[in-house]
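Put together the whole structure using the sequences plus the hints.
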Amino acid sequence: MSGANGDNWSADFAAPRGTALAPGTYAGALRYPFQPLQAPGFSLTGNGRGCNESTSTFTVENAVFGPSGYVQEFDATFEQHCENGATAARGEVHLTNPPAPAELGIGLKVATSGTASTLNGKAGLTGTLECTEPATVTLSGTATQVKHNVIIRGSYSTQVPCTPGAAAPWQVVVDPIGTTPFQKGQAEVVTRATALDPNYNTNVSVSDTTVVTLTKA
3 MSGANGDNWS
13 ADFAAPRGTA
23 LAPGTYAGAL
33 RYPFQPLQAP
43 GFSLTGNGRG
53 CNESTSTFTV
63 ENAVFGPSGY
73 VQEFDATFEQ
83 HCENGATAAR
93 GEVHLTNPPA
103 PAELGIGLKV
113 ATSGTASTLN
123 GKAGLTGTLE
133 CTEPATVTLS
143 GTATQVKHNV
153 IIRGSYSTQV
163 PCTPGAAAPW
173 QVVVDPIGTT
183 PFQKGQAEVV
193 TRATALDPNY
203 NTNVSVSDTT
213 VVTLTKA
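Using the numbering used here, read the sequence shown as starting at 3 and increasing by one per residue.
Since the hints were made in silico from the structure, they are not lab data. There could be a bad hint or two in this list.
Cross-link-like lysine to aspartate or glutamate pairs, in silico, EDC-like; alpha carbons within 16 angstroms at most [what the hints assert, rightly or not]:
hint, residue 1, residue 2
1, 111, 190
2, 149, 190
3, 124, 190
4, 111, 210
5, 124, 177
6, 111, 132
FRET-style restraints, in silico, Cβ to Cβ [unchecked claim]:
hint, residue 1, residue 2, range
7, 142, 104, 22 to 30 angstroms
8, 86, 140, 51 to 59 angstroms
9, 190, 168, 26 to 34 angstroms
10, 160, 14, 15 to 23 angstroms
11, 169, 142, 18 to 26 angstroms
12, 128, 103, 25 to 33 angstroms
13, 194, 38, 37 to 45 angstroms
14, 51, 27, 48 to 56 angstroms
15, 138, 215, 24 to 32 angstroms
16, 69, 14, 16 to 24 angstroms
17, 72, 209, 23 to 31 angstroms
18, 67, 169, 31 to 39 angstroms
19, 168, 83, 53 to 61 angstroms
20, 67, 160, 29 to 37 angstroms
Note that CB positions come from ideal geometry on N, CA and C, so glycine has one too.
Rendered as structure tokens:
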């Protein structure tokens with residue numbers, strides 16, 4: 003918080019561990035973030051000032067949160083006593099932000115048909131991606147096949163640009179581990195799609211397991 007004359011203050015409000023901060027009065031709040039698990043926490047600091055120990059009471063009048071800790075609305079009053087003193091710092095906080103942006107959504111599809119190259123033994127896979135926000139999606143996964151009691155497996159990874167409103171096609175080539183090539187028949191394909199949410203700077207991932215029928219190519 004920026005105050006008059008260039009003052010800068012910060013206030014931390016915390017419900018007891020394991021519970022969400024919600025409207026209500028929180029008595030017996032101890033200095034955040036050092037409060038015991040069962041106690042609420044509060045700390046008012048600024049301009050090099052703060053409490054070594056504090057006992058506080060705060061009342062949350064309104065709280066609206068979005069994804070990843072986004073604060074859309076917050077209204078609260080507080081009273082903080084330092085070092086068990088009788089004097090107190092009292093104040094209130096009122097915050098309003100625009101509605102929280104939606105989190106990034108990823109739609110992942112793996113085609114149920116693929117190829118097994120008779121030239122180099124590699125498997126070819128295809129599919130599509132859909133995104134609710136512009137993102138670069140990292141695809142990674144494995145293809146596994148069993149032929150004549152031999153396990154044939156390979157992994158793959160690629161990056162796919164994805165924009166809202168249009169399905170982004172992708173294709174990968176899976177190189178088998180060892181000397182046994184991928185062959186005609188079914189293979190289990192496990193795929194993971196991961197991208198950075200541009201609004202919340204967090205990774206979003208979805209997974210898919212599909213049985214793909216490989217044909218000779």
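Okay, the hints, checked on the actual structure:
1. Between residue 111 and residue 190 the CA atoms are separated by roughly 14 angstroms; this keeps the pair inside 16 angstroms, and the hint holds.
2. For the suggested pair residue 149 and residue 190, the alpha carbons sit about 13 angstroms apart, so the restraint of at most 16 angstroms is met.
3. For the proposed pair residue 124 and residue 190, the alpha carbon gap of about 15 angstroms is at most 16 angstroms, so the pair holds.
4. At roughly 8 angstroms between alpha-carbon atoms, residue 111 and residue 210 fall within 16 angstroms of each other, so this suggested pair holds.
5. With a C-alpha separation of about 5 angstroms, the suggested pair residue 124 and residue 177 falls inside the 16 angstroms cut-off, and the hint holds.
6. Only pairs whose Cα atoms come within 16 angstroms are accepted, and residue 111 paired with residue 132 is accepted, the gap being roughly 9 angstroms.
7. For residue 142 and residue 104, the hinted distance range of 22 to 30 angstroms is satisfied, since their beta carbons lie about 25 angstroms from each other.
8. Look at residue 86 against residue 140: about 53 angstroms separates their beta carbons, and that is inside 51 to 59 angstroms.
9. Evaluation of the 26 to 34 angstroms hint for residue 190 and residue 168 yields a pass: the beta carbon distance comes to about 29 angstroms.
10. Between residue 160 and residue 14 the beta carbon distance is about 43 angstroms. The supplied range of 15 to 23 angstroms is therefore violated.
11. Against the hinted window of 18 to 26 angstroms, the Cβ-Cβ separation of residue 169 and residue 142 comes to about 20 angstroms, which satisfies the hint.
12. Checked against the hint of 25 to 33 angstroms, the C-beta distance between residue 128 and residue 103 comes to roughly 31 angstroms, which is consistent with it.
13. Distance hint for residue 194 and residue 38: a CB-CB separation of about 39 angstroms, consistent with the stated range 37 to 45 angstroms.
14. For the pair residue 51 and residue 27, the beta carbons lie near 25 angstroms from each other, so the given range of 48 to 56 angstroms is not met.
15. Checked against the hint of 24 to 32 angstroms, the pair residue 138 and residue 215 passes, with Cβ atoms roughly 30 angstroms apart.
16. Roughly 20 angstroms separates the CB atoms of residue 69 and residue 14, a value that falls within the hinted 16 to 24 angstroms.
17. A hinted range of 23 to 31 angstroms for the beta carbons of residue 72 and residue 209 is consistent with their spacing of about 25 angstroms.
18. A hinted range of 31 to 39 angstroms for the beta carbons of residue 67 and residue 169 is consistent with their spacing of about 33 angstroms.
19. Taking 53 to 61 angstroms as the suggested C-beta distance range, the pair residue 168 and residue 83 conforms, at roughly 59 angstroms.
20. Between residue 67 and residue 160 the CB atoms are about 36 angstroms apart, so this pair conforms to the stated range of 29 to 37 angstroms.
Violated hints, in rising order: 10 and 14; the structure is consistent with all others.
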